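Residue-level listing of the chains:
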Amino acid sequence: MSVTYIDAIHQAQLELLRERDDVFLYGQDIGAFGGAFKATKGLQEEFPERVLDSPISEDAMVGMAIGAAISGMRPIVEMQFADFSSIAFNQIVNHAGTHFYRTGVPVPLTVRLPCGGTPGSGPFHSQMVETLYGHYPGLLVMTPATVSDAYHFLKESVSLDDPVIFCEHKFLYRWLKTAAIDPEGLPLGVARITRPGKHATVVTYSAMVHEAVRAADRLSEEGWEIEVVDLRSIKPLDLDTVIASVARTGRLLALGEAFPWGGVTAEVVSRVVAEGFHLLDAPPMRLNAKDTPIPYHPDLWASHRPTPESITQSLRQLLNL
Amino acid sequence: MSVTYIDAIHQAQLELLRERDDVFLYGQDIGAFGGAFKATKGLQEEFPERVLDSPISEDAMVGMAIGAAISGMRPIVEMQFADFSSIAFNQIVNHAGTHFYRTGVPVPLTVRLPCGGTPGSGPFHSQMVETLYGHYPGLLVMTPATVSDAYHFLKESVSLDDPVIFCEHKFLYRWLKTAAIDPEGLPLGVARITRPGKHATVVTYSAMVHEAVRAADRLSEEGWEIEVVDLRSIKPLDLDTVIASVARTGRLLALGEAFPWGGVTAEVVSRVVAEGFHLLDAPPMRLNAKDTPIPYHPDLWASHRPTPESITQSLRQLLNL
Amino acid sequence: MILSRTLESKLSSLYKAGKIVGGVYLGTGQEAFSASLGCSLKQDRDIFAPLIRDQAGRTAFGEPLIEATQTYLGSALGPMKGRDGNIHRGRPAERRLAMISHLGASVSVVAGMLVARRIKGELDGVVGATSVGDGATSTGAFHEGMNLAAVERLPMVVLVADNQFAYSTPRSRQFACKSLVDRAKGYGVAGTEVDATDLLACLETVLAAVEAARRGEGPQIVVGKLLRLCGHGEHDDGSYVPDKVRSSDLGRDCLERGIEQVVSLGLAGAQEIEQWREEAASEVQAAVAQAQTEPRPDPYRDNWRAYSWEGMEP
Amino acid sequence: MILSRTLESKLSSLYKAGKIVGGVYLGTGQEAFSASLGCSLKQDRDIFAPLIRDQAGRTAFGEPLIEATQTYLGSALGPMKGRDGNIHRGRPAERRLAMISHLGASVSVVAGMLVARRIKGELDGVVGATSVGDGATSTGAFHEGMNLAAVERLPMVVLVADNQFAYSTPRSRQFACKSLVDRAKGYGVAGTEVDATDLLACLETVLAAVEAARRGEGPQIVVGKLLRLCGHGEHDDGSYVPDKVRSSDLGRDCLERGIEQVVSLGLAGAQEIEQWREEAASEVQAAVAQAQTEPRPDPYRDNWRAYSWEGMEP
Ligand SMILES: Cc1ncc(C[n+]2csc(CCOP(=O)(O)OP(=O)(O)O)c2C)c(N)n1
Ligand SMILES: Cc1ncc(C[n+]2csc(CCOP(=O)(O)OP(=O)(O)O)c2C)c(N)n1
Ligand SMILES: [Mg+2]
Ligand SMILES: [Mg+2]
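From first to last, the protein sequence lines are chains L, H, A and W.
1 is the number of the first residue of the first sequence in the numbering used here; add one for each residue after it.
1 is the number of the first residue of the second sequence in the numbering used here; add one for each residue after it.
1 is the number of the first residue of the third sequence in the numbering used here; add one for each residue after it.
1 is the number of the first residue of the fourth sequence in the numbering used here; add one for each residue after it.
Just so you know, the hints here were simulated from the structure itself, not pulled from any lab data.
Keep in mind that this is a model prediction, so the values were computed, not measured.
Treat the hints with care, since some could be wrong.
One side of the interface only, derived from the structure: several residues of chain L facing chain W at Cβ under 8 Å [claimed, not checked]: (1) ALA32; (2) ARG50; (3) PRO55; (4) SER57; (5) MET64; (6) ASN94; (7) PHE100; (8) THR103; (9) SER159; (10) LEU160; (11) LEU188; (12) LEU239; (13) THR241; (14) PRO260; (15) GLY276.
Keeping only pairs whose Cα atoms sit at most 27 Å apart, straight-line, the calculated DSSO-like set for lysine-lysine is [said to hold, decoys possible]: (16) LYS16/W to LYS177/H; (17) LYS41/H to LYS155/H; (18) LYS244/A to LYS38/L; (19) LYS155/L to LYS290/L; (20) LYS178/W to LYS38/H; (21) LYS177/H to LYS38/H; (22) LYS185/W to LYS178/A; (23) LYS41/L to LYS16/W; (24) LYS120/W to LYS38/H; (25) LYS178/W to LYS178/A; (26) LYS16/A to LYS177/L; (27) LYS41/H to LYS42/A; (28) LYS41/H to LYS198/H; (29) LYS16/A to LYS38/L; (30) LYS41/L to LYS198/L; (31) LYS16/A to LYS41/L; (32) LYS185/A to LYS185/W; (33) LYS38/H to LYS244/W; (34) LYS185/A to LYS178/W; (35) LYS38/L to LYS19/A; (36) LYS38/H to LYS155/H; (37) LYS16/W to LYS155/L; (38) LYS41/L to LYS185/A; (39) LYS38/L to LYS177/L; (40) LYS38/L to LYS198/L.
For every residue, glycine included, the Cβ atom is placed at its ideal position computed from N, Cα and C.
Just chain L, with the same shape it has in the complex (with noise of 0.2 Å):
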C-alpha cells in the first residue's frame, strides 16, 4: 500500500479532528463532498459539528476563522485553490498576520491552499502565492515537497499559534506517493538535502524539488553531482542548511515555480550572497516561471514553468559548461 500527497493531507486532518476538540474546517464543498481534491472526504460524516460548508466568501472565510482562532479553536480553512485567496488577501495580511504583534493574542490558523500548476489549470487555478505571504510579517509558510512533510507540516501548523500559510502542491497531490509516512518528521524552520552532491546547489522547495531531482539525475550521467536542497518552509527559511550546501559546492541556483520578480528565489539568493558570498565560485543563478500568467495550453504552461530541460540547461551554464 502507499500513501500519497493528498492522502498525507487527509490523514492528519483526520487524525487532528480525532485528537483535538479544538480543531474544525471550514471550506467550500469540504463537508458531503469531501472537498475539491478529496482532501476532507468522509471527515463530515464523522464530525458533522467540526467540518462545515462555506459559502463563497473567501474574506468572510478567513475572518470568521480568526474570530474562532482568538477564541480557543484551531481552524483549518481550506481554499478551494490558492488563487482565489487573493479575496482573503487583506483578512490573511491585515488581520491575521497582525494580530499578534498588535495584541499580544496569538491566531492559532491554517489556511490550506492549494498552489500551483496542473496542465490545462490556466492563470486562475494553477498559481503560486508564497512570495505574497512570505512578504508580510506575521505568517509562517510551509511549502512541503514530500508526502511525509504534508503529514507533519499540516499538523505542526495546527499546534503552532501563529496563522500558517501551508501551500500544497496540486501537481503532488496523486503523482507524489511513498510508501508509508515517515513516523518522525523533520523540524520546521530546517531545510533538507534532498539530494547529496558536490559540483552545484539547487535551491528550491514544492513540487520543482522533484524537477530539480530529474534535472540531477540526467546531469549525473555525465558525472556531475548536484545537491538538491529542500527549503520546505519558505518563512521561516533555513539559510544555515542552505550556506552549508553553497561551502560544499561553490555554486547556487535558486529554482522556483513563481513568477520572477521578487520571491523566494529573489530572497534566498539575496541571503546567500550577504552571508555567504565568498563561498561562491561563480555567480548565483535563478530559475523561475515567465513573467505572464500562466497560460492554458498545456504546450505553453509547460514551457512556462522550470523543467528539468530548462533546469537542467541553467545548471550547465552554471558549471560553466
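Keeping the supplied structure of chain L fixed, place chains H, A and W with the ligands upon it in accordance with the hints.
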C-alpha cells in the same frame, strides 16, 4: 514659488483632465472634498462628470476602472491609502494584470496608491506595497522619489496602455519641494544617479532616496563618496544603470522601506549578482524595514524603517569600516 | 438552445475521450434563462459578460461556435490563443467579456463599461448584462459591484441563476433569505423572479428587464429558479443533488419544455425541430473539426508578453 | 455618554495641542446609539467589536478609560503598547476586539468567535456585536460577513450608524436603497431602524435586538439614523455637511436630548447631572495624567516580534 510632490500629482491630474477627454478620476472623497490628501482639490468643480466619488468598495472601484479602460477611457483610481488596495488586490492582479495577455486588449488604468510611513500612521496607513504588484505579471509599478518624477510619471501612466500601479509616498507629499517641475522627464525604465560617488552604491527608490542621500552626506564628511541610484520604477527595473554604478564602486547596498522578506532589495541584489558578480568587491547588502507590522508610535516607527543612522551604519559595514 | 445543448454534449464527449484538457463546464438545464438574455440584448451595442453556464446566451448574443471549440481545444487561432481555456473566453472589443475565474468580478467591470459610455455621451440605448450563480452572490465582489451599479443607476441587467447548488453546496449553506430577489430592494434596484425552466416566461421576464434598463430605470436583478441538469463540471456526477430536487418542478428540462411550448404555439413543427437538431449537429461537427485541424500554440513562437508597452522586455 | 463626550473633547484638545500623533476620531452625536449597545451587552460573556465612533459603547461595555488615553498617548503600558494607536485598541482575550482599519473586517471575525463557542457548546446566552457606518456597508467584507452570520444563524447584532456621510461622501454616492435596513431581508435577518438622536428609543431598540439574538432569533441589524456632530477626524471640520442637514432633526444632539429625557423622567436632576459631568471631568483628567506619565515604548527594548513561535527569529 515652489511645487510640492502632492502639487505635482494634483497638477498632472488637472492637466490630464484638460488635455484628454478620455481621462476620469474615481475614488473615495475625491470630488467636492478633494481627496484625503487634496490631490484632486477643485478638480470636480471644473470636471463634474469626470471626477467621481466612489463608495467604499475598493474591489469594485478597480473592477469599474477596468471596464472603463477597455471601453476607451483612461481612468485614474485613487485609493485612500495604499493599504486598502488589499481589498482590490484580486481585481488588480488577476483581472487588470492578466487582461492583455489573455485577450490582447490592454487595460490603460492607473491606480494611485498613497504609500509609506509617516509618524503615527500605524500598521494600516503606512504600507509599501510595490512587492505585491511587482511580483505579478502585467503591471507596471512606478515609485517616484522626486516632484518632477511624480508629475511626469503620472502623466505617462495615463498614456501607457498597461495598468500602472502608481506608488506615491505620503511622507513626500508636503515635505518634498522643488522650485519648478523639470520640463523634460527621464523616460520610464531608466534609473537616475541622484548623487554620484565612487566608494559604494546605494540602490533605492521612493522616500528612501532622500534618506540615502542624508546618509551619504554624513559619510561624505568623512571623505566617503557614496553613489545613490534612484530606481524610479521598480517594474521595469533598470539593471543597466545599477550595474554601471556597481562597476564604478564595487559595493552595493539595496535599500527599501518595505518588509524584509522578498521585494525590491532582494530582486536588485539577485539581479546584480547574476550579471555583475565579478564587479563586486564585497558582499552586497540589503537594508529594509523590520519584519513586524508598522508600529504606530513615532519612536517605534522611526526604528522600524531604515533611517539615515541605520543606512550610515550599513554603509560603514559595507565599506568595512 | 438546441445549438448550445448540442455543442455542450459534444464537448462533454470530447472531454470524456480525453480530447479536452482542463475542465468542461456546461449549462444543461439553464439554456432558456441564459438564451433569453442573449436574445434580449442587441449585438451591435450591448455588453455581455457571461459566466460558466452561459453557452446558450453566448450563442444567442452572437458568439461564433468556432470560438468555443477553438478555446476548448486549445487552438492558437482562437480568441484566447491557448493562453486561457474553456469558458474563459471572449472578445472584449466586441463587448463580449472574457471572464476571470473569481466569481462576482464581472459585475463591476460591466458597470465600468457603462460608466465609460456615459462619460463619452454614448450610453443612450445601451445595456450591460452579466450572469452569476446563487453561490456567486455570496462574494464581496458581487455586492460591491451591484451597489456601485445602483449608485450610478446604470442600465445593467444581472441574471442570478439560482440553480440550487454552488458546486455541491446547497442554498441553505449559501444564504439565509427566502429568495435572492429579496436582495434587490437592499440595493435599491428592481428585482424579478422567474421559473427558469419555462422558456416563454424567461423570454418575457428577461426582455422586460433589459428594456427597463434600456429605458433608464436603473439596474435590474432577475432571479431564475432552476436546477443544473449536469455536474458542476464534467468531472462531477452531481450525485449530491437529492432525488427529491431532481424530480421536482425545478428539475424540468427547459429545452424539452421549450420545444413543447414552441410546438404548441404553432411556431414550429416536430419536423422543423428535427431539422434544427440536424443543423445544429452539423454546425457543431464542423466547428469541432475545424478547431481540431488548427495549430496548437507554439511556446517557441509565442511572444510571451503580458505587457503591450514595448519598453517592457518579455 | 457624559464620560465619553468628556473624554473625547479632551482628546480633541490634546490633538489640537499637538500632544497626540496620528489621528483622533470622535463619536460626537453618536453616543446614544453606541452606548445603548455597550449597555445591552453582558460584560462577562458577550463580544464587542467597536468601530471608530464607539467610545460611548466601549465605556459602557467596560473598557477602562485609561486604555483610551494610553493608546492615544502612546503609553508602553497600554493594551497596544504603542504598537497600534487611537481607536485601534482592544483586549481580544476579554472579548473586546482591536479593530483593523479595513472597514467591514470585524463582521466575520465576530461571527467566528460565535462559531467557536457553538462548537465548544458554550454559545448559550452569548451575543456578539459590532458596529459599522453607512459607508462600511459598501464593503465586500461587510456583505460576506453578514451573509455568513445569517447562514450560521448566529446570535449577532450589527449596528449600522447611518450618520449620512462616510468621511465627506453623502449617502447618495454610497448606496441607492431608501434605508439600509432594507438590506436585512436580503440577508434573511431581522432589521430595525431607530432615531439615534433619541437615547430612550436607542436603548429600547438595541436592547430588544440584543435580547432577540440572545433568544436564538439569529442576526439582527439595527440601523440608527443620526448625524456625526464632529469632523471625520479632528483634522476635518466637516464643512461638507450642508446646513440643512445640520439643522434637521438628524442634527440633534443625542446627549442634550438624553439629558432632557433623563431629567423629565425624573431619573436624575440637574444637580446630579452637573455632578456626573464633574466626575467625568476628573476621571478623564486622571486617565490623561496617568497615561502621560507612563513610559513611551522603547525601540531598543521592544522585542519586535510578530510571531509567538520561538523558532522564528525576530
Ligand atoms: C471567488 C471564488 N471562489 C471559489 C471559486 C470556485 N468555484 C468555481 S464555480 C463555484 C460554484 C459556483 O456556484 P454558483 O455561483 O451557484 O454557480 P453555478 O456553478 O451553480 O452555476 C465555485 C465555488 C471561484 N471560482 N471563485
Ligand atoms: C476598506 C477601507 N477603505 C477605506 C477606508 C478609509 N476610511 C476610513 S473611515 C472612512 C469613512 C467611513 O464611513 P462610515 O462607514 O459611514 O463611518 P463613519 O466614519 O461615518 O462613522 C473611510 C473611507 C477604510 N478604513 N477601509
Ligand atoms: Mg449555483
Ligand atoms: Mg457614516
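(Q) LYS38/H and LYS244/W were given as a pair; does the straight-line alpha-carbon distance stay at or below 27 Å? (A) 25 Å, holds
Hinted pair, alpha-carbon criterion (27 Å max): LYS41/L, LYS198/L. Please report holds or violated. 44 Å, violated
Quick check on SER57/L please, does its C-beta sit within 8 Å of some C-beta on chain W?
Hint on SER57/L: holds, closest Cβ of chain W at ~4 Å, below 8 Å.
For the pair supplied as a hint, LYS16/A and LYS38/L, is the alpha-carbon distance within the 27 Å limit?
Holds, at about 20 Å.
Q) Was the hint right that LEU188/L lines chain W, CB cutoff 8 Å? A) 6 Å, holds
message: Please check whether PRO260/L passes as an interface residue: C-beta within 8 Å of a C-beta belonging to chain W.
response: Violated - the Cβ of PRO260/L stays beyond 8 Å from chain W, reaching only about 27 Å at its closest.
Worksheet item: Between LYS41/H and LYS42/A, does the CA-CA distance stay at or below 27 Å?
Response: 40 Å, violated
Against the 27 Å threshold, does the CA-CA distance of LYS120/W and LYS38/H hold or violate the hint? 50 Å, violated
Tell me if ASN94/L is really an interface residue toward chain W, meaning its C-beta lies closer than 8 Å to one of theirs. 5 Å, holds
Legend entry - Evaluation of the interface hint that places THR103/L against chain W, nearest CB under 8 Å: Since the shortest Cβ distance to chain W is 5 Å, the answer is holds.
task: Answer holds if the nearest beta-carbon of chain W is closer than 8 Å to that of ARG50/L; otherwise answer violated.
output: Result: holds, 6 Å to nearest chain W Cβ.
Given the proposed pairing of LYS185/A with LYS178/W, does the C-alpha separation stay at or below 27 Å? 9 Å, holds
Checked against the numbered hints above, the structure breaks hints 1, 9, 12, 13, 14, 15, 19, 20, 23, 24, 27, 28, 30, 37, 38, 40 and satisfies the rest.
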